[in-house]
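Visitor: Line by line, the protein sequences give chains U and B.
Take the first sequence: its letter number 28 is residue 28 in my numbering, and every next letter is one higher.
Numbers in my numbering are just positions in the second sequence, counted from 1, shifted up by 66.
One or more hints might be untrue.
To be verified - Pair by pair, the computed Cβ-Cβ distance ranges are:
| # | chain 1 | residue 1 | chain 2 | residue 2 | range |
| --- | --- | --- | --- | --- | --- |
| 1 | U | Ala55 | B | His108 | 47 to 53 Å |
| 2 | U | Gly32 | B | Pro78 | 50 to 56 Å |
| 3 | U | Gly32 | B | Ile98 | 55 to 61 Å |
| 4 | U | Ala14 | B | Ala349 | 41 to 47 Å |
| 5 | B | Gly257 | U | Ala55 | 48 to 54 Å |
| 6 | U | Arg51 | B | Pro107 | 46 to 52 Å |
| 7 | B | Arg430 | U | Ala14 | 15 to 21 Å |
| 8 | B | Gly239 | U | Ala14 | 22 to 28 Å |
| 9 | B | Gln318 | U | Glu38 | 40 to 46 Å |
| 10 | U | Gly32 | B | Val213 | 37 to 43 Å |
| 11 | B | Arg459 | U | Gly32 | 29 to 35 Å |
In case anyone wonders, no lab produced these hints; they're calculated from the structure.
Using N, Cα and C, we set each Cβ at its ideal position, and we do this for glycine too.
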Amino acid sequence: MSARLRVNPITCEAHGLCAELLPELIRLDDWGYPILDESEVPPDLIGLARRAVDACPTLALLLDED
Amino acid sequence: MSSTNGGHHGLPRLLAGLEPGVAMSLAAHTRIHGPLPDVPPHQLIEEVERSGLRGRGGADFPTARKLRAVAERRRVGAVIVNGSETEPGSAKDRLLLARLPHLVLDGAVLAAGAVGSRQVIVKVGANAVDAGRALQGAIAARERDGVSIEVVAGPEGYVAGEESAVVHYLNGGPELPTFVPPRPFERGYRGRPTLIQNPETLAQLALVARFGSRWYRELGTVADPGSALVTITGAVRAPGVYELAFGTELSQLLEAAGGPSEPLQALLVGGYFGTWMEASEAASLRLAREDLRSVGCSLGSGVLIALGGSACGLHESARVISYLADQSAGQCGPCVYGLRSIADSVAALADGVAHPRERDRLLRWTSEIRGRGACHHPDGAVRFVESALSVFREDIDWHRTGRCHAPPAGLPLAGPAVAGGRLR
Numbered sequence: 001m002s003a004r005l006r007v008n009p010i011t012c013e014a015h016g017l018c019a020e021l022l023p024e025l026i027r028l029d030d031w032g033y034p035i036l037d038e039s040e041v042p043p044d045l046i047g048l049a050r051r052a053v054d055a056c057p058t059l060a061l062l063l064d065e066d
Numbered sequence: 067m068s069s070t071n072g073g074h075h076g077l078p079r080l081l082a083g084l085e086p087g088v089a090m091s092l093a094a095h096t097r098i099h100g101p102l103p104d105v106p107p108h109q110l111i112e113e114v115e116r117s118g119l120r121g122r123g124g125a126d127f128p129t130a131r132k133l134r135a136v137a138e139r140r141r142v143g144a145v146i147v148n149g150s151e152t153e154p155g156s157a158k159d160r161l162l163l164a165r166l167p168h169l170v171l172d173g174a175v176l177a178a179g180a181v182g183s184r185q186v187i188v189k190v191g192a193n194a195v196d197a198g199r200a201l202q203g204a205i206a207a208r209e210r211d212g213v214s215i216e217v218v219a220g221p222e223g224y225v226a227g228e229e230s231a232v233v234h235y236l237n238g239g240p241e242l243p244t245f246v247p248p249r250p251f252e253r254g255y256r257g258r259p260t261l262i263q264n265p266e267t268l269a270q271l272a273l274v275a276r277f278g279s280r281w282y283r284e285l286g287t288v289a290d291p292g293s294a295l296v297t298i299t300g301a302v303r304a305p306g307v308y309e310l311a312f313g314t315e316l317s318q319l320l321e322a323a324g325g326p327s328e329p330l331q332a333l334l335v336g337g338y339f340g341t342w343m344e345a346s347e348a349a350s351l352r353l354a355r356e357d358l359r360s361v362g363c364s365l366g367s368g369v370l371i372a373l374g375g376s377a378c379g380l381h382e383s384a385r386v387i388s389y390l391a392d393q394s395a396g397q398c399g400p401c402v403y404g405l406r407s408i409a410d411s412v413a414a415l416a417d418g419v420a421h422p423r424e425r426d427r428l429l430r431w432t433s434e435i436r437g438r439g440a441c442h443h444p445d446g447a448v449r450f451v452e453s454a455l456s457v458f459r460e461d462i463d464w465h466r467t468g469r470c471h472a473p474p475a476g477l478p479l480a481g482p483a484v485a486g487g488r489l490r
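So that you can see chain U by itself, here it is in the shape it has in the complex:
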């Protein structure tokens, strides 16, 4: 089981909640848009990653789990 973060750049509106909730894997660029660590999400951060996904106001942040 592995999980990776992905963002839909069309729907993202730079609210920035994701970077607040998951600074371990998400930082913001100079314009407020998220830069994701696209490697596998470590198991101990999966819960926080799901919380960041749920908090995104535009549902732009995605966690691909398989």
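Keeping the supplied structure of chain U fixed, place chain B upon it in accordance with the hints.
Guide: Quick look at chain B alone, frame taken from chain U:
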């Protein structure tokens, strides 16, 4: 394959029999290339695979793999000929569609047969009036293709030609790229698996289907077989579209276009999504992926722009990146805000008013923006800027201390690279 007659040898291939100013008739087309061959689908895909043909729209993807990806799916939809050609430096696809429409349509009909499609849609830019007219005439003259063919004139604009944007538009949406996957081969026109190909790719395929992969490989290198259409513009005496064999040195490409009109300082290889190279470094490189990759370049959609020594590479680059920033579809933040900031920053470098460490900030931005748009528009734009910052690095310091009086080089921006009469 009917490869025993082998077609004719040498160049030109695609442009054989091209006459200035007129679209080739079906009779002339058939006389030069022979009738449309009847090839079973799997056999055609295998022959294309052996030929090594790759997409000529800029992505360089192996054509046989794309054909197979669609052919393996059920309920296949349309074959779309993407004749948008929104790269300002490129004129080859309009040349093919306006002068050699039957060659492109042959390729589209053959590709439709190979993937199990009964419908061909040719998408052209609304300004490509010649191409639209020639296609309509060609479609009326053709019989028994067994597939329906229609022409759709769509909006102009740099990203409108991106393949997901073309599908989006044909589906009744705006001409904007969509979030992929799903890609068109999975879910495209009307939700069905869709093959979308560049006109030159299909024209090449039409010749491979007739004369076979062995004939196709008579020209070019092992890794890059065949010929390519290259639009050569800028500081050359006879700008135009030329058909050349892969493996030809870039210096010979310039000679084909009449040679440089003044000593050159740099070449822009691959168009505005491409990369600058110092002229001295570029001349001995061959038109081949391995050579171009060794210096971080790719052929893109087959554009070569020569920059004369009297021009200013920084100012020209500032104009191009500003154009690319304007051409953003306006959907993705990193592209919208990032490219505009980068464009302003390059303009400041060119005007000599930038912070001493502006170049470092630019390089951070270009690395951060790459890969973060829904389409590859920002990726191409930052690659272009990175090459400018490398090739014109000394000019940056020089612009900080002295005024630049170089005249504009007249690079093609938002218009055809070559006037209609100069196509050859």
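Visitor: Look at each hint and say if it fits the structure.
Guide: Right, here's what the structure says about each hint:
1. For Ala55 (chain U) and His108 (chain B), the Cβ-Cβ distance of about 50 Å falls inside the hinted range of 47 to 53 Å, so the restraint holds.
2. For the pair Gly32 (chain U) and Pro78 (chain B), the beta carbons lie near 53 Å from each other, so the given range of 50 to 56 Å is met.
3. Distance hint check: the CB atoms of Gly32 (chain U) and Ile98 (chain B) are about 58 Å apart, consistent with the given range 55 to 61 Å.
4. Judged by the Cβ atoms, the range 41 to 47 Å given for Ala14 (chain U) and Ala349 (chain B) holds: they are separated by roughly 45 Å.
5. Between Gly257 (chain B) and Ala55 (chain U) the C-beta distance comes to about 32 Å, which lies outside the given range of 48 to 54 Å.
6. Roughly 50 Å separates the CB atoms of Arg51 (chain U) and Pro107 (chain B), a value that falls within the hinted 46 to 52 Å.
7. A C-beta distance of roughly 18 Å is found between Arg430 (chain B) and Ala14 (chain U), which places it inside the suggested range of 15 to 21 Å.
8. In this structure, Gly239 (chain B) and Ala14 (chain U) meet the distance hint of 22 to 28 Å, their C-beta atoms being roughly 24 Å apart.
9. Taking 40 to 46 Å as the suggested C-beta distance range, the pair Gln318 (chain B) and Glu38 (chain U) conforms, at roughly 42 Å.
10. Take Gly32 (chain U) and Val213 (chain B): their Cβ atoms lie about 49 Å apart, and the range 37 to 43 Å is violated.
11. The hinted range of 29 to 35 Å is satisfied by Arg459 (chain B) and Gly32 (chain U), whose Cβ atoms lie roughly 30 Å apart.
This entry does not satisfy hints 5, 10, going by the numbered hints stated previously.
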